[in-house]
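Model the placement of chain B with the ligands on the given structure of chain A, informed by the hints.
First to last, the protein sequences are chains A and B.
Going by our numbering, the first residue of the first sequence is number 1, and it counts up by one from there.
Going by our numbering, the first residue of the second sequence is number 1, and it counts up by one from there.
If you are wondering where the hints come from, they were derived from the structure by calculation, not from laboratory data.
Since the model is a prediction, treat every value here as computed from it, not as a measurement.
As a list, the in silico BS3-like pairs of lysine-lysine whose alpha-carbon atoms are at most 27 Å apart: (1) B:K26 with B:K55; (2) B:K238 with B:K220; (3) B:K5 with B:K55; (4) B:K132 with A:K223; (5) A:K53 with B:K55; (6) B:K104 with B:K132.
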Amino acid sequence: MNYNWDWGVLIREPYFEWLVSGFLWTISVSVAAWILAFSLGSVVGIARTTNSKLLRGIGTCYVETFRNIPLLVQMFLWYFVFPELLPEDAGMWVKRELPMPEFTTAVVCLGLYTASRVAEQVRAGIEAIGQGQRNAGLAMGLTPAQVYRYVLLPVSYRIIVPPLTSEFLTIFKNSSLALTIGVLETTAQARQIEEYTFQGFEAFTAATLLYIIVTSTVMLLMKLIEGRLRIPGMISLGAK
Amino acid sequence: MIELKNVSKWYDEFQVLNDCSTQVAKGEVVVVCGPSGSGKSTLIKCVNGLEAFQKGEIYVDGTSVGDAGTNLPQLRSHIGMVFQNFELFPHISVTENIKLAQLKVLGRSDDESQQNAARLLERVGLSDQADKHPAQLSGGQQQRVAIARALAMDPVAMLFDEPTSALDPEMINEVLDVMVELATDGMTMMVVTHEMGFARRVADRVIFMDEGRIEEDCSKEEFFNSERGERAQIFLSKILEH
Ligand SMILES: Nc1ncnc2c1ncn2[C@@H]1O[C@H](COP(=O)(O)OP(=O)(O)OP(=O)(O)O)[C@@H](O)[C@H]1O
Ligand SMILES: [Mg+2]
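Chain B on its own, in the form it takes in the complex:
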């Protein structure tokens, strides 16, 4: 479904990604972790072409992301993405947020978009918030709307970039619950997160990044149960303390 082959990226002289290769099969859930600045966000943004890369290849559903001839908007329209800061559009209501790309990108009718929005809001437990504006919702609620908004496009895969890092602790679970449900429903997911509880519950594989490299890429069982490299060991002990 998602395939990265020897991807490298530079900001001027500085190399952010160094020869990264991995893949995410259909229905698989892959968790990406690693220290701050290790390139996790950059890697995940390369997958839907929000960041350009200079070397290597990325394929999503058979389409080459880095190819100059690729219609990026069309490709992105069926890869959902959820951001650390939610990024709901503040000037329109929750429902309109979910309808926008259905109307403007997929060309769905107003009725159909509206029905989808209502169905998805129910799925994330927010039917009663449909007509509010984003700023009137809590962080956890906003992030659930953001997930609903991404799902409205019927994505073949979902990318998450630290979806719970900006949330107060008591709101983390309501978002993780929605994500766990998605994972068990068979959604293909690539999730940057430090929530190791989430990784233990639903991840198939865990990727550990450090200084732009993929240092570990193994099954969840291997990652948590056997001896890891030194850097991963230090990282894990640090985040598990919290």
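Extracted from the complex, chain A is given alone in its bound form:
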């Protein structure tokens, strides 16, 4: 193979800047989408554990819809199809005036999709706790909302720290799909460097390393958090 290795390309202008900017976009898309996914996913997951048939039904519809359409399809639907479905004025606004349209679309799409997965984790965490704790809270006069706030959620979020970590890492990796609608994130920038310099190996190695550094840091951080949140005397939560 006749390949001219040139690792120097990575620190040469403007390629270094491209990588840095791509990395920042990756982080921004991931974090913004995660905030949306975590908040909405919590609401939907909680809704599916309430006594209200209506709330449970809405929650189930949400989860089944967003979980079962491939993410790439959702990305295209939001970017190309959704504006066409809106009333004319709103469609125009989305197409012309939405601030940072590619970024916003990617965040909304990734956020809504991941919310359906977070919702399932939140629901599983609450259901693992069981009716007994709920009854104990209600029996002392807490309202159903207070039972969630003080009894069910503090324990269920502890139980689901590991699966939520992996959902975050998934959002982070899935953020590379944003390149399909034109967000110049890490993977897109690596590809661009390849096109300009033909140093594809170096560019994609750098991108890979960036992804690995972030995932390992997050995993380490979450291990620490998990340890901090450990309940004294508890070997495993969620049994019983």
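Quick look at chain B with the ligands alone, frame taken from chain A:
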């Protein structure tokens, strides 16, 4: 204090409670026994509205439990309940368990809740465990904390659902002792239990349930000393063997 009038409850087609009527007067201790699946837990959970019922009426301290307009959280806040599996909240300390509803339901100050918690822990003999988490306590200790937690709300009555069934034999007495003390102090109590020793010591009345019906409802003396119905007789001979 507690009054049940012709209470019936169904799970779909299946009738769990069949026309149950009884009452518990102020200061009275009533023991509820009967075979597994006879509806004891369901009956006691109807009293504080943890289970809904379709027919009949239940009054606690004059308030109708089944009435749609009743503020259930407020009603429950002064009926204590103790469960078979303790149901302490695992993520907070023993003291915080006892403080939680005082703070969030009764709106007491942190100081007052703390003092109550300390006083009640002393009463159940667990002052030295105040800062531990529930999982660091034995079953018997957890159940005593659960009783203290219920008492912190200054309840007008206490409901117990098999409070000693999940305990190792050597821990049963430490819990029963606390309950006997409560009974002698004049607490109104409705206790689902198979501990006939407890019934003999402090019960005023004994209720025997079978297949969702209250089959016997009589004074302790009558229940233990005179001829009972066939089902109750069989049940009694079974549990007294152990
Ligand atoms: N959520 C439910 N749905 C359907 N049936 C139920 C439900 N909960 C309880 N049952 C049934 O109702 C009946 C009475 O149950 P309950 O728990 O009140 O009995 P119990 O007398 O407390 O029994 P145990 O001594 O085993 O605790 C049982 O046959 C049980 O299977
Ligand atoms: Mg029971």
